[in-house]
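Spelled out, the chains give:
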Amino acid sequence: MNIEEEYIMMLKIDKSQGWFQKLDGGYEEIDKITKEDLLRIMEKILDSDIEMEEYNEEKIKNQAHQVVYKSIYNNLKSLKDRKEEFKDNTERLYHEQYNKYVAK
Amino acid sequence: MKKIDLHIHTVSTISDSDFIFSIDILKEYIEKSKLDVIAITNHNIFDLSQFKIIHSEIPVVTFPGIEIDLPTGHLLLISDGKDLDAFNDKCKNVSDRIQSNTASISVEELKSIFGNLSDYLLIPHYEKSPKVRNDDFIKLKDFFSAGEVDNIKKFVRTMKDEEKLCPVLFSDERMKEGLEKFPLRQTYIDCGEITLNAIKSTFKDRTKVFLSENDGNELFQVFNNGQHLSTGLNVILGKRSSGKTYTLNQLEDSFSRVKYVRQFDLVQKDDETDVKSFKSEVQRKRGLFVDKYLESFRTMIDDISQIDLINDEKKLSSYLESLLKSADEVDRKDAFSKVKLFEEEEFTISSSTGLEKLIDSVIYIIDNEEYKSTIETHIEIDKLKSLAIDLIKKLWAKKEKDRNKHYINSLVNDIKDNLKFRTSSTAIESVDIFDTLLNKQRVKKFNTITKAMQEDGIIFDEPIQGFRVVAKKLPFKYVGEIKESIPGQLSFKDAFAKYNNPFEYLQLLKDNDKLDSSYYYKAFVRIQYMILNKDGNEVSGGERSEFRLLQEIKDAQNYDLLLLDEPESSFDNKFLNSDVNSLIKSISKEMPVVIVTHNNTVGLSIKPDYILYTEKIYVDNKTIYKLFSGYPTDHELVCCNDGTTVKNYDILLNSLEAGYEAYEYRGGIYNDVKN
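Chains A and B supply the protein sequences, listed in that same order. 1023 is the number of the first residue of the first sequence in our numbering; add one for each residue after it. 79 is the number of the first residue of the second sequence in our numbering; add one for each residue after it.
Please keep in mind that the hints were generated in silico from the structure rather than gathered at the bench. From the three backbone atoms N, C-alpha and C, an ideal C-beta is built for every residue, glycine too. Some hints here could point you the wrong way.
What the hints assert, rightly or not - Partial selection, computed: residues in chain B whose CB lies under 7 Å from chain A:
| id | residue |
| --- | --- |
| 1 | 378 |
| 2 | 398 |
| 3 | 432 |
| 4 | 436 |
| 5 | 497 |
| 6 | 512 |
Extracted from the complex, chain B is given alone in its bound form (with noise of 0.2 Å):
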């Protein structure tokens, strides 16, 4: 078994922070992490001198390689390094062609550059940032020999498909002076003979590459002192104080996406509190959906917050009174007011929003694509492009008429205001009718509308693991509800006397200053979430917790790695047996789970892939944590950092039975119950 890292960065570049290269730390890694092949992969430059030294220093053995930034991503491209000359003039081109870190090389370019890319390993960034994709990926998919992740979850994941490139890990580290904590990302293979041949053949066959040397990819190593963890599910067991939650943390720093549930955290601690803020949680998560929801009721709001009816009554008034006045005045007219234009009422110009609709719609027609064929057969386009231009030339007819028309409008306004100015009759007051209707029209709309928006009804309903989070829309009851919905010291007692009739409420909301507009839609229905139960009734306080813990669990799925403190602190066993421990099981088969535990339940009815051992000792009055761990079915647990061992049994059963004694007085128990 060969341990590889063909993913090393020993020269900072533009797309690197600064950094400086020390051989002795690459000396140490290479030491340290075992390793018995590296390749150097600088971005988009190969230091041939560099590469002469590292090779002649280095006892493992190193191929020459540069990482390529193609346009979708990064290519590892490593040589057997027969020709090292060679190789260098042809990176010297990369180098050449890319100058700056937004800077590429074509996928044409790269093959006019290196002639046969058969001739080289190439791996590129697969499950790991920046991809090569689409085009790129599949003009080089068949020099491809493997797929670099950067992650164990991925690996494992990619590793069972079998329709995706082998996965590989390695560091990707810049070799610098003062690097203190080595990388763990590297791979083994099962090759004999290192060449760049016999590495290429050796991923084509994924079962011959793995994450540990003797496990498969059952396990990887997580520290540097050798100690490995389970892919799947790990428990770790140990007595009070003995490091297990010291373990936790320290698996914490060595992954950078962890999703960690601490013990207790999940542990309702008032009641009254407990529920409104599990509540706004359970709210903010889904506010989105909500706001969706209401996103047209806003903005027909904000639309029917600009009416005034009492205005456009007035304005009614206002013509009639005048209209009435001038005609009293008929006889007392004076040559200003017997002027024509002193009685004439301005065009009305109509909205062309109509129109344009009408223009985007065909033309929506027109360029849509998905659905051609299906156009075609019942209308011919070059119909609908008539269509268009018909309407498109009405449409600019309308605007230059509306154009006089405007400019009408104020010239004979302007006559009329210097008209007024010199006679004493009245001039008639000018009305616009149409909007006045349809401002009622509105209002009508708007009371329909928001008195079915605030019946009862269901707005969602979503089952997670065997409880429903459901929204539901109601009318607000009492002033109070209304308060709770927005924000601020505000109160509603006056308008919420109108809530019955949409139109008025509204305008006893406009009426208090201190209400900002925004929230208008928010006081007109009640949203209320409610966490059911299996049995349809809402949540006990046990049970907010258990779906919190459920819902942790769930959202491991966006990390890498799960670290689960003591569940049992705060729940009982049928739940943790029931729920939790089949959706533990499930979310590590997808990815690395530790949890802590006392519990036999979780203990060992989850039956974890592997068992980790805490154990606190003090030599020389010094605090040492020691790990020891194995699978469930090995006699003995081994510590990796001295090779001592204890036994397996023992732990399980003082661990999880509190001890062999207890162990055995109650099975006597439950055999004379039983009996």
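In isolation and in its complexed conformation, chain A is listed as follows (with noise of 0.2 Å):
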């Protein structure tokens, strides 16, 4: 088995050009990315294992999928790495409420 089938590659570098992973499993230029495809990948992160190649300006030559590629990378890195937190945060979330009304 290798590496790759392991893990769902969310955000590749491919043909000097950066890739998200669609809903199909299929790969989409950085550039045609939704608020909607970033809210699921979002929530993916949180909720699954998944990796993203790291952004290299050397090996993505097109300079638009650059800008694109290395602020949504550097977002979701930074939520990829705050994901324990994340945890943390939403089994605290109401847990007197929960506790008190749909546990009882």
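Each chain sits in its own coordinate frame; assemble them with the hints.
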């Protein structure tokens, strides 16, 4: 089994361009990304183990892709780094109310 | 039998409101109350010259004393008066130390001033405010001969409890000019000679201490004319307009804390209004409980109200739009937009709340005394302390880092603003995706919790004397139900369409400017109160009145005297006989109860301890109300004003059975039917 099959690669660099994974598993150029795609990827980061290819200015020749890939990668990377914090926060969220009104 | 009042004030001190002492009033009080022994006990002072005058002019035994402020409460210290000068010197010492109405002396000071406390009669405020409590009480316990109480109910209750000090009831009255109504708080003691030591020994044997001269603790004096009442259950009988309610009103005036259930007070007047006011009354009494139940939901609503998902999405859109636009313009970059910082994004700053809570929790474990040994079996406290220190260090480091990030963010933003101003290129907007996602989670949880909370369920189910008060939670079914829960004339029609989606519903509530945000939580769940009868059905009009009566009687436990005027006016005999009578009977074991009645179910089935009979007569065109009284087994009831009597048998038959003939006639009918 190769490594690429174990993880879902949400952002990757290929053919000197930046790509993101679509809902159907195929890839789309990074400058075509929509708000919905972005939200979906963000939620996926918190839910499961996903991978993103690190931003590398040398590997992306398309300058527009450089700008978009870099910004999105940095934002998603920061979110990935804070995954544990997010989990803690979510678990703590309305804990008292949950126990009182739902758990009983 | 000797009647004593060992708590009398004759000097106006800083602890009293202003008054002018009158020796004539004192003489009159002693004479009318037929006292045998008194003690002069002023606040933290002994006035020797005044005492000498009182002693020489008063024909009864008078002891010198002082009422001392201890840190927790007041203490009566009474001397035998054999060495007045020495007592005066000691009291002066107390006066010197207590110069303001907040000052007091300690038990140690008391002992050092008065020496051997066994030489005195010591009586603390016991079931009376301000009480001598805690350490003060423990240190002086062996010297106390009795404890002062301030009403009949406490006297009877304390007397029954052998573990407690022997109770004494004293007037605590200021003998001032203009005093018209003399107090009736005195105590009888079965004591031969009147010396301080004899009184002390009498207190040690509580069977020799009474509320009345001839009737032990069964009766107590209630009016200045010598009229007594039972400390238990009293029934007032009499014809219509013979002065029964007048007597109850007089009793109400004589006591300070009276529960008075007036005639027809509880009768249903108008069905709809009655149901409404009844429910709101039940709701008011239990509202605090429901508020407490909904308190956390309210906190969650306050938090959720701050979330604006549409704005969150807008921010994400502007970020993406600006990003794509900036990428599109990448070839047209000028000197300003080429600056690295132009595309730089803000540092994200995470919240410290989690870490702070963690530190608090560790400290909470370290500080816990109650379960210290259990904690120490599992974790070494020193390790916990190191953990706390490490976490605190991490918090400090994070705070330091966050401060720097804040500083850099504002610096970068400032530079970006300057560059934006000079370039035609698009700057990338910043976005906090962490918060955006967290807000979505918040909304998700809010919807789950709210939906669960709206499900049918019982919040509390409280049994009360055969009835049950039930508070139910359930979803609103009609928009009108929401209007009933929230004050003001507001429309919820539009919002209600989204009631099944709590977050969207909240957004629509927020759009209603007239709705105060503090009421949002009330618009989510309906709270329904029900009073159920024995069969589990909602109560009828008559049962509502019954419930109220039982509640009023139960509430009487917080008072010193219960007065009930003709409860039969509103209730049927079955209810009176089964529920009311037993409740009244049990309350009368704790406190004096007086019932006016014409009804034999109440009058006799309840087995009263004392019977009073009122009669109205005219003397020289003046109306005079006469009051006769006696035990139910007495042949005659006696009027304490003039000694006249009436036959108990006649009174009972006339008042409760519509006379002898009617009683015989009814008896005949019952016999015929039976045979």
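(message) Flag every earlier hint the structure violates by its number, smallest first.
(response) Of the numbered hints, 4, 5 do not hold.
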